[in-house]
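Chains as they are written, first to last, in the working numbering: chain A, 1 to 597; chain B, 1 to 317; chain C, 1 to 231.
Please keep in mind that the hints were generated in silico from the structure rather than gathered at the bench. There's no promise every hint is true.
If the Cβ cut is set under 7 angstroms, some of the chain C residues that face chain B in the computed set are [stated by the list, open to error]:
1) 68
2) 107
3) 111
4) 115
5) 116
6) 125
Fair warning: this is a prediction, and the values are worked out from it, not measured in the lab. Built from N, CA and C at the ideal position, the CB exists for glycine as well.
Each chain, letter by letter, is given below.
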Amino acid sequence: MTHATTALLLTAPVAVPLAASAAHAAGGLRELRPHRRAAHALPRHSAGPVHRPPSPRAPAEPAQVTGPATGGPATGSAAAGPATGSGGPGVGPGGPATLTGGPRTEPPGPPPLGPDDPAAAPPPATGPHAPARTTGAWLGLVSPATILFCGAALATTVPQRGPVTAYGRLLRADALTVWLLLAVGAVAALACAANPAHLAHERADAGTARRYNLLIHAFLAAMSAAVLAANLGVLWIAIEATTIVTAFLVGHRRTRASVEAAWKYVVICSAGIGLAFLGTVLLYYAARQAGIPEASALDWATLATHADHFDPAVTRLAMSLIVLGFGTKAGLAPLHAWLPDAHSQAPAPVSALMSGVLLSVAFAGLLRYKTVADAALGAGFTRTLLAGAALLTLALAALLLLVQRDYKRMLAYSSMEHMSLIALGTAIGTPLAVSAALLHIAGHGLVKTVAFCASGHILRIRRTARIGRVRGLLAEAPALGVGFGLAVVALLGLPPFSLFASELGLARAGFAAHHSGVAAVALLFVLVSFAALVSRTARMVLGPPPEPEAVADGPVRLGVVAAAPLVTGLVAAAALGVTTGPLTRLLSAAGEIVGRH
Amino acid sequence: MRAIGTAAVAAQVVLVTAGAPLLAGTMRQVRARLEGRAGPGVGQPWRDLRKLLRKEAITPVGTGPAFRLAPLLLVSTTAVVAALVPLASTTTPVSGKADLILVVALLALGTVALALAGLDTGTAFGGMGASRGMTVAALVEPTILLAAVALSIPAGSTNLATIVGDGVRDPVRLASPAGLLATAALAVAVLAETGRLPVDNPSTHLELTMVHEAMVLEYAGPDLALVELGAQMRLAVLLGLLTSLAAPWGIATTASPAALALALVLLTAKVALLGTALAAAEVFWAKLRLFRVPELLAGSFLLALLAVTASYFLTGE
Amino acid sequence: MNDSVYTQLLDLACGAFLLAAVVVLWLRQLSSIIRVFALQGAVLAALAALLGVREGRWDLLAVAVGIGLLRAGALPHIVRRALAAGTPPPARHYEEDNSEAREARPLVNVAASLIGAALLTLLAYAVARPLVELDPTPATRALPVGLAVVLIGFFTLVTRRRALAQVVGFLLLDNGITATAFLAASGVPLIVELGVSFDVLLAVLVLQILTTRMRAAFGGTGIDDLRELRD
């Protein structure tokens, strides 16, 4: 793989979502200033806002990659809009007389990404040949598809040839990165596919929809950046950026509850992640004192190889702060209070993204630090911290699941439960356990996305988030009932879904590594949450519908567009549960990076 | 040598005793002028004392020795403090005994005696004043002790003469965070200890607000004169101590008559300046509500504590 | 600059830095709190500049200027604007004591929180022992000051019941972290410093907008009103 290709593959997952976000912003700008169209716009378009690796054609491009989302690219794509776009409201491709077929407003014109960048933009509907009406609806899939494609391309080479870097070790991809990139891409694809339906039913006006899309894509860019960052400082910046970007997504509806959730989210996460930065600073101090020069004293690969010279006491302090801080963002106790609020108030696709991958991305950041700390301190210290936080979270989640009356909060607490299982897996720390935890990340991401998207549809039909008010879903909306029910079954860890395989792997690794006590306590709490989830979901899904007249004119149909993400997610999770197939090698390589025998 | 030391002690006591009413008079005069009044003149406190001392001694029915002894104790402890503290000279025969903790204890003795006297009268005001006075004192004493510790760490001793002597030799130390914080904490503590604004208003007789005045409400004649003199002397001594600690320049560290004379003049000037500044500031201050006083004192306690930690860790070895 | 003057100035700056955090805890009027916070930002910039001069690194001076602009200028300005938006000018002079502009009822009263701050400072000194022992220089000896400000910021964040007081708490936390970075290793690499500053600026902007929305939704900025979501 040439240097340019590598750079392209590492840049695109960040740059394409950023550009998509900028395109949405540009749509807004153009609406504000309708006369801002100049004849010289076209030549600028040909130079294009597309992000390329350093090459003779566009030597200055990498500078744009890290620029603000509304910066340079915005002007280019604003000008590009009229050249390629159709403009005006498009109608979504939903089925007839279904839930998703409502009128849908799109920011006019696609961002000029696909045509310029064939390698990174495979989705079929981005070219100028696609019908204008579907263009808008499928536009949102460009970013996830780019992320997935780059992940897949890297997955073919990285496990064999080792990690690759770009821009002087600013971006780096090893097996762990690639695995997470794939998880982010997959979950983002599902969530973005659910976006149009969601927006249509929110009856969002053009401005709201544009803001929503802008933030979603910026969110994806920040997550990709967090995954790809080679520098721990940049990793921190990207994680904090996800908080900033998602704040308005959580507070999207501007009701009292969602403003409250957004406030708590920003304050708790920023403060928590601030502690993680303090830990990073202390680690940097330890690294500088160990003789590492300033330029590479936050570079993960350098730190991981030289960590055995670090001062143990300082590293211990740093690691405690980091576990606390990144644990906040990953939904681990004690600073977890934001999670159920934010997840229950955010729009369903956003909840899916946050729960499915944001927590895992933050946790993956923690994994990077764990390898450094383990090299400096031995595995015991971080293991104790992680296992303590995980068991505390697990206990809290199980108890709160027992008394839960809101199904979105129920799913949020279930996310905490699964995050603590992942944390336990990394606490055990053998490569098998870490691989199982990584598989759990992917499986949980897919399934939780399905569950949250389904819960969004339930909220729309029943107009309540109370578990007690939802009955007989299967009778009222069979497809939705099946989707939600299967998602919960998968979350419970039943075969054939991948969570079964990973939980089995975690339990086996726990007992094999002689942490039977911890594993047994964890199993007990998992059983408690199992019982809570089963009883609540059964009440929601089974039984007769509460209002017989609601089903008088036939059951509510879900529609192809709304059902597609649910089906795809469930099928993918099931497939991952049967076999990891070509990804097996990648998964074990990722497990080797973090795990220690 | 020894004679000059003794002379210095005597001069300090005389200067404090004679100057304290004048200081109070100056402060009242400054205040009066700033408020647009003519004012009674600097000598008015002395004239008041003379008038009170000529009167017949009267004690309320049912009061015991605590009530009679308190004014004497107040004045005598303050006089002893005036003798001990290195206001003008650090080389006096008693400077070896001038321990900061001892000074604090002597001042506390006077406060307690006065509170007991307030209780002894058995009136509502006396009890209320004593209770309030003790509350403030309980909050002030730890602050003063902590500030003392903070100041004594660099000097390696709690002896006031050593601390002040160090300050004269090494002025940089005074501007260190520890020194500044400790001085600020001491300043607040001095305000509270002497019953000045914003903790207590010395010129009020409103039952809701008075602290010191409520304790001494039953005194009359020569006893009242002693109480007033004691309070004024405390203010003078504490302001003098504050200047010695914060701006020790000019204090005689050798036993020469010229240095002593210069030190006495400088002491008078510094205390008068500080008193004037305090009086001017009091014009702009309002008295804190009683339940806000603990906040102020907790703040000064915190300053003192920060001073201690700073002197230990910031530059410390 | 000789050693003793440098140490003296460094200690003075650190003392003022810590004192500003304590005073924030002491005050109730939000406008005064913001003023003190701006002062703290200026002190932080001075600290960075001092280290830059000491090490002869001119890039640190530029960073110091940036920090001064951000933390003594932009951030207090944003918070002040958020405050001004919520407090219309008083109709009569005696009405200025409205509850929006004051931290009226903190979770822990002021006297207790001052004592709490004292304990937190001691805790910071205890925790920072290994940090100082690793490389005892005048700058690292002052590391506990940075940690103490972090803890005090966290304390403010947890105990204050006004949205903007919480924002100031968060910013104190962040100032403390920056000070720690400067005292420990003369600051993090430039790109990280830039990114972090940008993140903080954006976070405060987000919080400002959320305050506006909170006022629209709840009619005030009291955190105690936020009780829609609970289990």
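Hint check:
| no. | hint | verdict |
| --- | --- | --- |
| 1 | 68 | violated, 21 angstroms |
| 2 | 107 | violated, 15 angstroms |
| 3 | 111 | holds, 4 angstroms |
| 4 | 115 | holds, 6 angstroms |
| 5 | 116 | violated, 9 angstroms |
| 6 | 125 | holds, 6 angstroms |
Checked against the numbered hints above, the structure breaks hints 1, 2 and 5 and satisfies the rest.
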